[in-house]
Amino acid sequence: MNNFLQLCFAGLALGALYALIALGFVIIYKATGVINFAQGGLVVLGAYLVYNAHITWGLPFVLAVAFGIAGCAFAGALVERTVLRRMVGQPVFAVIMVTIGLLYIIRVGVSTVWGFDQLNLNDPWGIHAVDVGGIKVAVTDAWTIGLAALVLGLFFAFFRYSRMGVAMRATALDQEAAVAQGISARLVFGVAWAIAGAVATLAGVMLSTSGAGGVRPDIEFVALLAFPAIILGGLDSPIGAVVGGLVIGITQDLTAGYQHRYASFLGDGFSAVMPYVVMILILLVRPFGLFGTREVRRV
Amino acid sequence: MPRLRNLHMTLRYEDDVRLFPSRLARVGVLLLLVLAVWLPLSLKSDFQLGVLIDTATLAIGAIGLNLLTGYTGQVSLGHAFFIGTGAYCAVWFGGHEHQSLVVWLLAAAVVGGAIGAVIGPFALRLRGNYLAVVSLGLVFVGLHVFHNWRQVTGGPGGTAVTAPLKLGPINFARLKIGHTVYTRTQSFLLLVLLVLALCALLAKNIVRSRPGRAMQAVRDRDVAAEVIGVSLARYKIGAFVVSSAMAAVAGALFGAHQQFVQPDSWDIILSIQYIAVIIVGGVGTIFGPILGAFFIAVVPQLVNRYSSHLPLIAHSATTHGFQISRFEFNQLLFGLFIVAFLVLEPRGLAAVWFRVKGYFRAWPFSY
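These protein sequence lines map, in sequence, to chains A and B. Following this note's numbering, the numbering of the first sequence begins with 1 at its first residue and continues without gaps. Following this note's numbering, the numbering of the second sequence begins with 1001 at its first residue and continues without gaps.
Hints in this document: simulated from the structure, not taken from any laboratory. Treat the hints with care, since some could be wrong.
[Claimed, not checked] Partial selection, computed: residues in chain B whose CB lies under 8 angstroms from chain A:
| id | residue |
| --- | --- |
| 1 | Arg1125 |
| 2 | Leu1126 |
| 3 | Gly1128 |
| 4 | Tyr1130 |
| 5 | His1144 |
| 6 | Val1227 |
| 7 | Ile1272 |
| 8 | Ile1279 |
| 9 | Leu1342 |
| 10 | Pro1346 |
[To be verified] Example chain A residues on the side facing chain B (calculated, C-beta under 10 angstroms, incomplete):
| id | residue |
| --- | --- |
| 11 | Pro91 |
| 12 | Leu102 |
| 13 | Gly269 |
| 14 | Phe270 |
| 15 | Leu283 |
| 16 | Glu295 |
For glycine and all other residues, C-beta sits at the position ideal for the given N, C-alpha and C.
When you get a sec, could you build the whole thing from the sequences and use the hints?
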């Protein structure tokens, strides 16, 4: 039982990480209607910017994170302004492919500047674990969960109460009508990308400080695992991103814990593809995810 | 009206669906066929032959992907999975079961098509973004299967491909015409060009006839297509079947050429390479993917060959400071090509060709 709870908690932490990444996808999808495959690149870029500020320049950790968030937000807005804005009105296929192309460019750009080595971001959270009712709770994991909850809360407030958030929802709903009401769609797109960059930095920092991490180009692949989370939750729902992330995280850790004992015929490392299997199964039942908006097609 | 004929207006339906719309096109295709026989037999350099073999195998898979994405409008990131499936069909039916060339190529097409028919129905329920991510999931699930199904794939270490290349009296591993014996690369190039020609003809015939028009209707607006009586199930699943079958054939040929395959080859990067081919070549044309395949095949080879003359590229495995490896540089080029073509020339190299052709056809008028 304890083992089960321990796995659940580890899964919760992993899920919170996925949720943080997924929120970046959601905000761009909500504003522009496109999955941003380059989000993984922004996650890596953010992590390296923080590394550069914290280790190379010796800034305190909090300032370094703030610098990373600002830098990555700027990069996101820059990408939107220079490339994505030209793609407005193009088919979904074309826009997806542009973001994939951007992913490659960002990835190579990052590894050109910082190389491939695993870089150590020191240990901002401390590696000690607290014992809560027989479960070992790593401080890093607790921070990840807390941060994901905080960002989700901020998203909620932003979309509910701020002018920009409401403008973003309006643009997502009907771009033309929003523009007719005096909303600047360009500003909305730019801000959405900037926010995605900022969230990506947080995700990048958490990814490279949890577990046997370090800042490394591979964390981009972890970002790919957040896809099932967003699809599962529904592309346009922040709460869906978090629920999807948690479901995927817990399923993945439980699979890792029990699969070799009960279903070893599925092969080694099945837990790594488990998120995709869950995603495909759920999509068969609900094609727009658990919390996504059903697309209405009128004839 | 000589001028009008020169401008080549399509006046009749028969002209529109013709295989070769003009005498020029017929001559052009004939020239290409002559070239396809002459090049393998006359080229000696393994570098040039290798580039052409890469081009042809890439083009076969890309023509399939273009039927699915360019003509039917279904985004798929899962092409690498079908390529891999085809390669393992060559391993199993050709290498393990010692079947002949025709059998293992057809087996690859059938297995690929069958898996495509299983995946196809997903496209009926999912569209655009969702379909893209599900097909991405297919690549990851496929990689897991390829890593673990050791009897066929040899596990992560890979396996040799010993598929026979004999077609009746013709041996595509060591072609003999008269008293001249050709090398393996030369003979193999002839084989892949033959398969490429067949696939291109098949694809052209699909798109110029009823199914092709139905597919394009589905792409342009699937609701409207359904209203006028196009069966979405039939054409979406059909496109998946044909596209996966061609991908599997390309994979089988790729495996037979490399003679050794590893599961890690069939990852997302391969899928994106195929997408780059159709974007660079021209989405929604038949010869576009062939142009694109040549472009995507030749650029990395040129980079590998002439990297010592290019700045910023490391020549050894270790990089110093602001340097990138050749592998990385090629990935950067793929990314740049995809973005640059989509932003600046969304119809690809094919559009450039049409523009040049149109200019000379209307000459001396500017339109």
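Results for each hint:
1. Taking 8 angstroms as the C-beta cut-off, the interface hint given for Arg1125 (chain B) holds, the closest approach to chain A being about 4 angstroms.
2. Among the interface hints, the one on Leu1126 (chain B) holds; its C-beta lies about 5 angstroms from the nearest C-beta in chain A, closer than the 8 angstroms criterion.
3. Hint on Gly1128 (chain B) holds. Least Cβ distance to chain A is approximately 4 angstroms, under the 8 angstroms limit.
4. With its C-beta approaching chain A no nearer than about 6 angstroms, Tyr1130 (chain B) sits inside the 8 angstroms limit, and its interface hint holds.
5. Below 8 angstroms, beta-carbon pairs count as interface contacts, and His1144 (chain B) has one with chain A at about 4 angstroms; its hint therefore holds.
6. With 8 angstroms as the threshold, the beta carbon of Val1227 (chain B) comes within range of chain A, its nearest partner Cβ sitting at about 6 angstroms, so the hint holds.
7. Hint status for Ile1272 (chain B): holds, given a least beta-carbon distance of 6 angstroms to chain A, under 8 angstroms.
8. With its C-beta approaching chain A no nearer than about 6 angstroms, Ile1279 (chain B) sits inside the 8 angstroms limit, and its interface hint holds.
9. Here the hint on Leu1342 (chain B) is kept, as its CB sits about 5 angstroms from the closest CB of chain A, short of 8 angstroms.
10. Hint status for Pro1346 (chain B) relative to chain A: holds, with the closest Cβ pair at about 6 angstroms, below 8 angstroms.
11. A distance limit of 10 angstroms between C-beta atoms decides the matter here; for Pro91 (chain A) the minimum to chain B is near 8 angstroms, and the interface restraint holds.
12. With a least beta-carbon distance of about 6 angstroms to chain B, the hint placing Leu102 (chain A) at the interface is held under the 10 angstroms criterion.
13. For Gly269 (chain A), the interface hint holds, since its Cβ comes within 10 angstroms of a Cβ in chain B; the closest pair sits about 7 angstroms apart.
14. The restraint placing Phe270 (chain A) at the interface with chain B holds, with a minimum CB-CB distance near 7 angstroms, inside the 10 angstroms limit.
15. For Leu283 (chain A), the interface hint holds, the least distance from its beta-carbon to any beta-carbon of chain B being 6 angstroms, beneath 10 angstroms.
16. For Glu295 (chain A), the interface hint holds, since its Cβ comes within 10 angstroms of a Cβ in chain B; the closest pair sits about 8 angstroms apart.
Hint violations for this structure: none, all hints satisfied.
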